[in-house]
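Could you fit the two chains together into a complex? Lean on the hints.
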Amino acid sequence: MKPKVAFFDFTSCEGCQLNKLNLENDLLDILKHVDIVEFREAMDDKADFYDIAFIEGSITSPSCVERIHDIRRRCTTLVALGACAVNGGVNAMKNLHPIDEVRETVYGKDKYLFATLPAMAVSSVVKVDHEVRGCPMTQQDFLKLLVSLVLGKQAPKYNSPVCVACKLKENECLYNRGMVCLGPITRGGCDAQCPSFGQFCTGCRGLLEEPNLDGMLEIMTNHGISLDEAKKRMLLFNSNEVQL
Amino acid sequence: MSRDLNIKVHHLTRVEGHGNIVVNMKDGILETAHLSIVEPPRFFEAMMKGRSFHEAAIITSRICGICSLGHQLTSLVTTEAALGLEISEQTVLLRKLLVHGATLQSNILHAYFLAAPDFLKVGSVFPLIATHPDVVLRALRMKRLANDIGDIVSGRAVHPITPVPGGFTRIPEKAELLEIKRRLLEEGLPDGLETIETMKALAGAIPQFERETEYISLKHKDEYALYEGDIFSSDTGLIPVENYLDVTNEFVVNHSTSKHAKYNRNSYLVGALARWNNNHSQLIEEAQAAAEAMGLKPMCFNPYMNTIAQVVEAVHCILDSVRIIDKLIENGLKNEKPNQTPTRYGRGIGSNEVPRGILFHDYTYDNKGNIIKANCIIPTGQNLANIDDDMQKLVPEIITKSKEEITLDLEMLVRAYDPCISCSVHMLEVDFIE
Chain P
616 MKPKVAFFDF TSCEGCQLNK LNLENDLLDI LKHVDIVEFR EAMDDKADFY
666 DIAFIEGSIT SPSCVERIHD IRRRCTTLVA LGACAVNGGV NAMKNLHPID
716 EVRETVYGKD KYLFATLPAM AVSSVVKVDH EVRGCPMTQQ DFLKLLVSLV
766 LGKQAPKYNS PVCVACKLKE NECLYNRGMV CLGPITRGGC DAQCPSFGQF
816 CTGCRGLLEE PNLDGMLEIM TNHGISLDEA KKRMLLFNSN EVQL
Chain Z
190 MSRDLNIKVH HLTRVEGHGN IVVNMKDGIL ETAHLSIVEP PRFFEAMMKG
240 RSFHEAAIIT SRICGICSLG HQLTSLVTTE AALGLEISEQ TVLLRKLLVH
290 GATLQSNILH AYFLAAPDFL KVGSVFPLIA THPDVVLRAL RMKRLANDIG
340 DIVSGRAVHP ITPVPGGFTR IPEKAELLEI KRRLLEEGLP DGLETIETMK
390 ALAGAIPQFE RETEYISLKH KDEYALYEGD IFSSDTGLIP VENYLDVTNE
440 FVVNHSTSKH AKYNRNSYLV GALARWNNNH SQLIEEAQAA AEAMGLKPMC
490 FNPYMNTIAQ VVEAVHCILD SVRIIDKLIE NGLKNEKPNQ TPTRYGRGIG
540 SNEVPRGILF HDYTYDNKGN IIKANCIIPT GQNLANIDDD MQKLVPEIIT
590 KSKEEITLDL EMLVRAYDPC ISCSVHMLEV DFIE
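Chains P and Z are the protein sequences, given in the same order. Throughout, the working numbering is defined as the position within the first sequence, counted from one, plus 615. Throughout, the working numbering is defined as the position within the second sequence, counted from one, plus 189.
Okay, chain Z solo, but in the shape it has when bound (with noise of 0.2 Å):
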């Protein structure tokens, strides 16, 4: 079809940080088809240049505030390598708790507030306060809950305050997590059951659309992995965390403000769906079941189903919650103090699944304990190359629907991401040109 098609969006909307659209079409042939980041810059990694590990997590955490708390975690484990700190399994299972609390969080605040709004063709959750308000009170119901698990364990779920190196500042009390298993099995459980028939409700919304890509996750033999594993690629299998840069291959493109990165393809995604297509077989029984419902199959190619895997997620935090929680009582809870004296100085690396994907920290550290050099390589980043490569098979495919049709199908697409812009760009900026 020959047709001349000119789309901006400026700043787009319901998303974390400032990105454009741009698609160009002249005489039929497509000539661009992006999302320029345009977020100022950050400057992270010279700002933590010369910092004591007692504050590089402090730092970092403020990279993004939407996922401070993965941003601290993987921060400490970081820190905890470079200079040889154990932890407990006390500590371990408490950093999953909040893991699973932050994942909450985070997806269903993506999935209510950010992503269902396009499904109702409305433009935010507000007015959804008026036509569905048991929904939208759903949605903060859960999110209150995911955070308080923030709250109680972590001081604070917004740049939490109480991980440290080497451990914890303060232990929640057995009564405190007992409240939270209550309520996680009388209010979260039933309104993540809940959230999955209102997705249910709201699937035909989602566009069809498939692209198969590189798949990129962490992968732990005996869980789902969010806190621990080794890299996984859905086309090669496992590199060691240790091994990250061979698979970022970070590289500088005009439109970003951002790096983009590529592994065995032009690009791969990371987050929900990257997940549960290479983990999907270690989520609990009730959230593979919430996957079926949904109609989420393995391999899934649609990327607008990253809501759903988000959802999914939900459902498996909930109920490993309350496993983790019945685990840290069966041991007994201790008083113990952070173990804060480094063993050896140098280079230590870490990896966590945050809400978004798969996020590196690399740190070196002198001998006073001070950090030499930091990088840090953001989930957003990471999947900047894949939604462009998504939308260059997208526009032509929908070229025949209005422009106002591929302006929306185009915003839905970059939404189902959940970007974290303002993380992407914690380093670099580059002139948006049109």
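Bound-form chain P, shown alone (with noise of 0.2 Å):
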């Protein structure tokens, strides 16, 4: 039997379920091995239970708190995938700034009238299995845990920072030409994409196990910006994990 797959999105762009149907080359293939079941974005069929669910996005509101429980119940394994689900992502930035200064930006007079809630984790609602990191997510990361999952077979677990496969590649450290990466706190897995094609690494995979937040500030302001625009770079993406 086919392990029943299906496909959620919460608050987010969708840009991670795009990538999936951007796996135009290996589209049919992963079919073959797996039954997708429910993917809002891309099918009608509805299903009530699943082998896997692979959650996009994060949690910001009661609706999002109740869907996402239902679909636990339904699920034997739930992945967390992308940015936004494994840690808020870039919607945590809201987080950054008091609540009722966020809905009187948007709102004006009427900012009590919608619920809304500080944009969370999967994880911080419901038991997350794995986890799939960055924004977007990669294909091949995806591809990859997608595979061990169908084989049964450990799935796999960063923990260098992106700077690693960056001297790996030989790449010129951005520093040197004037930028302000994250790459030294950042975990890695993406083969120093963005720094690769000349842009500094903005942290979209979330932190290290046991990041130097101190360090990596230092080093900001020795590369001439000010501590609070260090401050900030690094919240783009972490504003949940970043204890500053």
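Check each hint, because a few of them may be wrong.
Every beta carbon over 12 Å from chain Z, so not counted as near; a handful from chain P, in silico [stated by the list, open to error]: (1) Lys661; (2) Ser738; (3) Ser763; (4) Ile834.
With a straight-line cut-off of 30 Å between C-alpha atoms, the simulated DSBU-like cross-links for lysine-lysine are [what the hints assert, rightly or not]: (5) Lys782/P <-> Lys526/Z; (6) Lys847/P <-> Lys562/Z; (7) Lys370/Z <-> Lys389/Z; (8) Lys582/Z <-> Lys310/Z; (9) Lys619/P <-> Lys310/Z; (10) Lys647/P <-> Lys742/P; (11) Lys310/Z <-> Lys647/P; (12) Lys310/Z <-> Lys389/Z; (13) Lys215/Z <-> Lys847/P; (14) Lys215/Z <-> Lys784/P; (15) Lys617/P <-> Lys310/Z; (16) Lys847/P <-> Lys526/Z; (17) Lys363/Z <-> Lys782/P; (18) Lys370/Z <-> Lys661/P; (19) Lys661/P <-> Lys768/P; (20) Lys526/Z <-> Lys784/P; (21) Lys661/P <-> Lys310/Z; (22) Lys238/Z <-> Lys523/Z; (23) Lys647/P <-> Lys619/P; (24) Lys562/Z <-> Lys846/P; (25) Lys526/Z <-> Lys724/P; (26) Lys724/P <-> Lys451/Z; (27) Lys363/Z <-> Lys562/Z; (28) Lys784/P <-> Lys363/Z; (29) Lys590/Z <-> Lys215/Z; (30) Lys363/Z <-> Lys846/P; (31) Lys661/P <-> Lys557/Z; (32) Lys523/Z <-> Lys661/P; (33) Lys846/P <-> Lys197/Z; (34) Lys370/Z <-> Lys784/P; (35) Lys238/Z <-> Lys724/P; (36) Lys847/P <-> Lys557/Z; (37) Lys562/Z <-> Lys238/Z; (38) Lys846/P <-> Lys526/Z; (39) Lys389/Z <-> Lys619/P; (40) Lys523/Z <-> Lys782/P.
No lab work stands behind these hints: they were computed from the structure. Given the structure is predicted, the values throughout are model-derived calculations rather than measurements. C-beta atoms are modelled at their ideal positions from N, C-alpha and C, and glycine is treated no differently.
Structure, rendered in structure tokens:
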């Protein structure tokens, strides 16, 4: 029996789902090994039970909380897919401002009409068995996990900084090119994709298990940006993880 | 006809984001017919406050994965306008190539994966793998080609890496561009022409429905406007982009988490059909021929034909990409660094045509290059009032059909607009009241 797989979207841009539809060269092979039973962005069907549920997006409203509990009850394995689901991602930047101010910026006088919660990782609400990090998640990462789950093998885990892959690729350090980069504190596994294209690491894969944040701030301020600016950069994708 | 009708489609499928269709008819009187938007709020404008100009496009790209390139480019032109950053001709050409890649990928995704299953009476593209393998393989090939343009020119098709304020962090190599050109001509063009044949065969399943409305898009004197131009209304003509607020006039309605918009009428339409109606004569000849073959004529008042207009644009994007690559190579690729030295600080307004229609960003920067105020007006938000007005005209016209048929017609109508709901509710939520 092929495992029943489902995809669900919460508060997010749905870019991780799109990245799955962008697996053009592998999509038909994937379908030989799994049954996709629910994927609202691409199909009408709905199912009652799932072997693997992939969750994209953050939990940001009372109705999200209800829905994620319901999905957790009906699945065997639950995977958080992408930065929004893994740690709140960019959504969590709203948690940095007083919620009243955020609501007022957007709703003006109607600010109390609408229910909202701080943007949370899926794991803040239900048990998460596996995660695929990144914004967006990379297709290779997703495929590696899917293959491990289908074969019953141990899922890959990463805990080395982006800098390691960057060095292995013999990229020139972006700090030498006058940029400020979060590679030293950011969890690798992305093959240093952004620095390899000449752009600084934004920290989208989340922090290492034991990041040296003070050291990171020192490097950043030594390279010409203020302490305030350095902290903001760190918070871009990691507002729920960085405690400054 | 005196009839009671009660339709609720909860979380409409095969669209981006969460929306419900709600129709209520009592004793033959239509009380409600609208698309209710129930996506949770995103609060992007609040998140942008205080952020550096280096980060603005990285953040707005995350408004939407499907339109991430659009949100990134519009953010960049807005920042460049606000900070007085000049960009090179090469940057403009590379951006136009990216816009073509993104438009091609999005239009093909919608036509084949989201809309075509309705025409063939199946629930998704997956059953078509068995019944129409050549069509599915063609769709996948076209999407891959479009995404490869994004991967090669911008590093990554979803949330692009290399486009930054003032230029690109990496310039593609000549050999990479020539390879894309070869594939555009050897794979893309034949696949595009086959797509026209497929759509011609399916065109009989497109509902016949017309409602004339106001069509709004960019317009450019020299080209089919996607990357740049002035605002154009089919009712009243040209308006400078700086005056966009006079056009959008956003307002809150209590059945939608996303604001509605209106200009000269009760509602207006943006997207491929608006671009077709306003700018069809500027399409490449082969694309105009494709339109004729599929029965798309100016002015077209049938919103279901938006899908056909998208296929016409796909043909245009394939061929115009070849022209752009030729131009880039003729000019000689230069390893330029992005121009990131502001010459002033203040307000900037930017607009592009993204696959779903005209997009506006509006930022004000302080003298450290940090954002004080941000506003983004999204195509799907601008279309919502028009969708509701279509539904209110459509339901009485098809009221003799069964409830299931009416529901399908309504679902197809909403899907024809290719709505991007995550985008449209980047900031608002109103509870859904039944």
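Could you tell me which of the numbered hints above are not met by this structure, giving the numbers in increasing order?
1, 13, 14, 18, 22, 25, 27, 30, 31, 32, 33, 39
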